[in-house]
Amino acid sequence: MADSIKRLISLWAIHAKLDLLWLIRDTKNCVLNIIADLTSSLSTILGIFLLSQRFDNIGGMSSDHILFMLGYACLVDGIFLMFFMMNNTGFLSRIIGRGQLDHKLIQPNPLWMQLITEGFIPFSGSSMFICGLGITIYSSMRLGLSFSIFQLIILVLSIVCSIIVILSFSCIFSCIAFYAPVAGEEVSTSAYGLFDQLKGFPLGGFTIYLQALFTTVLPIGMAAWYPASLLLGNELKLPNYLMIVVTLSLAIIAITLFKKGLKYYGEKGSIRYSSRGFRN
Amino acid sequence: MQTHIKTIKLSATKSFDGGVLYILGNYFLKLIRLIVYLLIWQTLSQQGVNLGVFTMNELFIYSIVAAAFSEQLNVVTPATTAFWEGSIISRYTRPLPVLLQLSVETIGTWLPKLIAFALPILAFASLKLNLTNFIVNNGAVFALSLLLSVSLGFAIDYAFVSLVIKLKTAHYTAYSIRMALITFMSGAVIPFELMPFNFGRVLEILPFGSLASAPLLILTGNANMPRLILLQLSWNLILWPIAIHLFKSSQERMVSYGG
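Protein chains in written order, with the working numbering: chain W, 1 to 280; chain F, 1 to 259.
Honestly, I wouldn't trust all of these hints.
Stated by the list, open to error - Only pairs whose alpha carbons sit at most 20 Å apart, straight line, appear in this in silico SDA-like list of lysine to any residue:
(1) F/Lys168 - W/Val31
(2) F/Lys248 - F/Gly86
(3) F/Lys30 - F/Leu122
(4) F/Lys30 - W/Gly47
(5) F/Lys166 - W/Ile34
(6) F/Lys166 - F/Ile177
(7) F/Lys30 - W/Leu210
(8) F/Lys14 - W/Ala180
(9) F/Lys168 - W/Cys30
(10) F/Lys166 - W/Thr27
(11) F/Lys168 - W/Ile34
(12) F/Lys30 - W/Leu46
(13) F/Lys166 - W/Asp26
(14) W/Lys268 - W/Leu105
(15) W/Lys6 - W/Pro110
(16) W/Lys104 - W/Arg272
(17) W/Lys237 - W/Thr207
(18) W/Lys28 - F/Ile177
(19) W/Lys28 - F/Val255
(20) W/Lys28 - F/Tyr175
(21) F/Lys248 - F/Pro97
(22) F/Lys30 - W/Ser43
(23) F/Lys30 - W/Ser40
(24) W/Lys104 - W/Arg7
(25) F/Lys30 - F/Ile115
(26) F/Lys14 - F/Val104
(27) F/Lys166 - W/Ile35
(28) F/Lys128 - F/Phe54
(29) F/Lys30 - W/Leu218
(30) F/Lys166 - F/His245
(31) W/Lys28 - F/Lys166
(32) F/Lys14 - F/Pro78
(33) F/Lys168 - W/Thr27
(34) F/Lys9 - F/Arg91
(35) F/Lys30 - W/Leu42
(36) F/Lys166 - W/Cys30
(37) F/Lys9 - F/Leu96
(38) F/Lys30 - W/Asp196
Since the hints were derived computationally from the structure, they do not count as laboratory data.
No experiment lies behind these values; they were computed from the predicted model shown.
One chain only, chain W, in its complex shape:
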């Protein structure tokens, strides 16, 4: 256990160094990339922000509540960007569908360790996290919220749960690529896109059935609305323990399907590359 943690930290350090080198050696492109990530991510929450400013209340959330929720959404997005955007670690169907899982299986680190560490970009990928932190602190001040240590721990755990939900949901769909590598290669992009584009929507005005749909089967509400509402102490139609149940359920389904797919991959391999090195 101690060795694994030590190895994890040293691998994160290696990827952080690589990221810093990119920033130093290719500053123009790196800064452009940071601006692009920030613009794309902020554009996904801009619509709801503008609507909340115009109408002040959407589905039982005031404009300040919505700002807090959007800050939370940015934090989740920022951490996802920082840990899972590089090398497609958050988009497993690309790795599987392109036959690149082989590259990982021959390395002397366990697969899970590679997937957790290879996407780490703390310098070029931190813009959204910083932005989310700023929005969350600003909205908390406007709402007069003062977080105790316990509440801060709950906030961090909620963010971790939100990220596990997104990764698990993406992984479940990614497993299609084990069986249909060409058709399934980009399926995780669509799965992630669901959260990317819809995470900032306040679902409070929806019926309980729609809320249940959007927090379980299509769990976009778990990326921001549900946890932010709980943290703000808003009354919910859904049970308070739902986030833990959904996170655990999705994680278990994702791991089970991935292991099953990996077994199939071990038997059949990948047919994506021709003998001359081109991808089919």
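For chain W, the structure is supplied; the task is to place chain F on it using the hints.
Coordinates of chain F only, in the frame set by chain W:
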């Protein structure tokens, strides 16, 4: 003409190269996003807020038509991808003008979505939201406005492509920024009327406002039609010569490699 039809066919079938799942995944995503937006409009309407010039039905029509014609209201030609992939070179070996080829290819890429996504949701809107009434009342002017919007979209895309050529290897970065900005500045997602701080008034007169907001407002009957058509026509007349000049002057600096 036969050549262009052939190109359109090839381009339309090429959309399935990535597999049916990829296409369906995108349609599913668009559909869910549309449904969530419709539910947001419904929530706002039930709260009794002032929706400006819109009724809830008109907002539904606005969002559904915006989703159905999203590719026509924000034209993206394969040019940026062609630089990214290095495939732009093959367009220079064919006996047709490059911009014409890119335009015809773009029209081809629209077909699958128009058939598999736009038609069903427009049929739904006709059955449930009386879209046919809106078409009968404003359809002709809407068609003209949509045509001007598509033409303007091509001009903006080619001007953008010229900028991409200058940025050399940062194609995808520039593309991401462009898509993020235009989606909002065109009024395709949030109608200008519903934006706070009078943002909409400013965005309406910019060229991006002529891309999506103008035809959608015309269809829902909430526009000063002659003013918007004139504005669209003016932006076309201003931006097309600029786009052609920029593209011609940028071609010599084109750098591309496979990605």
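Now for the hints, and whether the structure bears them out:
1. F/Lys168 - W/Val31: Distance of about 15 Å is within 20 Å: holds.
2. F/Lys248 - F/Gly86: Roughly 19 Å between the alpha carbons, so the hint for F/Lys248 and F/Gly86 holds.
3. F/Lys30 - F/Leu122: holds, 14 Å
4. F/Lys30 - W/Gly47: holds, 16 Å
5. F/Lys166 - W/Ile34: holds, 19 Å
6. F/Lys166 - F/Ile177: holds, 15 Å
7. F/Lys30 - W/Leu210: With Cα atoms ~18 Å apart, F/Lys30 and W/Leu210 stay inside 20 Å; holds.
8. F/Lys14 - W/Ala180: holds, 18 Å
9. F/Lys168 - W/Cys30: Status holds; Cα separation ~14 Å.
10. F/Lys166 - W/Thr27: Satisfied, since the Cα-Cα distance of roughly 17 Å is no more than 20 Å.
11. F/Lys168 - W/Ile34: Holds, because 17 Å separates the two Cα atoms, which is no more than 20 Å.
12. F/Lys30 - W/Leu46: Satisfied, since the Cα-Cα distance of roughly 18 Å is no more than 20 Å.
13. F/Lys166 - W/Asp26: With Cα atoms ~17 Å apart, F/Lys166 and W/Asp26 stay inside 20 Å; holds.
14. W/Lys268 - W/Leu105: holds, 15 Å
15. W/Lys6 - W/Pro110: holds, 14 Å
16. W/Lys104 - W/Arg272: holds, 16 Å
17. W/Lys237 - W/Thr207: The hint holds at about 9 Å.
18. W/Lys28 - F/Ile177: Measuring from Cα to Cα gives roughly 15 Å; hence the hint holds.
19. W/Lys28 - F/Val255: holds, 17 Å
20. W/Lys28 - F/Tyr175: Roughly 16 Å separates the two Cα atoms, so the pair holds.
21. F/Lys248 - F/Pro97: holds, 12 Å
22. F/Lys30 - W/Ser43: holds, 16 Å
23. F/Lys30 - W/Ser40: Answer holds: F/Lys30 to W/Ser40 is near 17 Å, not above 20 Å.
24. W/Lys104 - W/Arg7: holds, 16 Å
25. F/Lys30 - F/Ile115: holds, 14 Å
26. F/Lys14 - F/Val104: Measuring from Cα to Cα gives roughly 13 Å; hence the hint holds.
27. F/Lys166 - W/Ile35: Given pair F/Lys166, W/Ile35 holds - Cα atoms ~17 Å apart, limit 20 Å.
28. F/Lys128 - F/Phe54: holds, 18 Å
29. F/Lys30 - W/Leu218: holds, 14 Å
30. F/Lys166 - F/His245: Between F/Lys166 and F/His245 the Cα gap is close to 14 Å, so the pair holds against 20 Å.
31. W/Lys28 - F/Lys166: The hint holds at about 13 Å.
32. F/Lys14 - F/Pro78: Given pair F/Lys14, F/Pro78 holds - Cα atoms ~12 Å apart, limit 20 Å.
33. F/Lys168 - W/Thr27: holds, 15 Å
34. F/Lys9 - F/Arg91: holds, 17 Å
35. F/Lys30 - W/Leu42: holds, 19 Å
36. F/Lys166 - W/Cys30: holds, 17 Å
37. F/Lys9 - F/Leu96: holds, 17 Å
38. F/Lys30 - W/Asp196: Judged against 20 Å, a Cα distance of about 12 Å means the pair holds.
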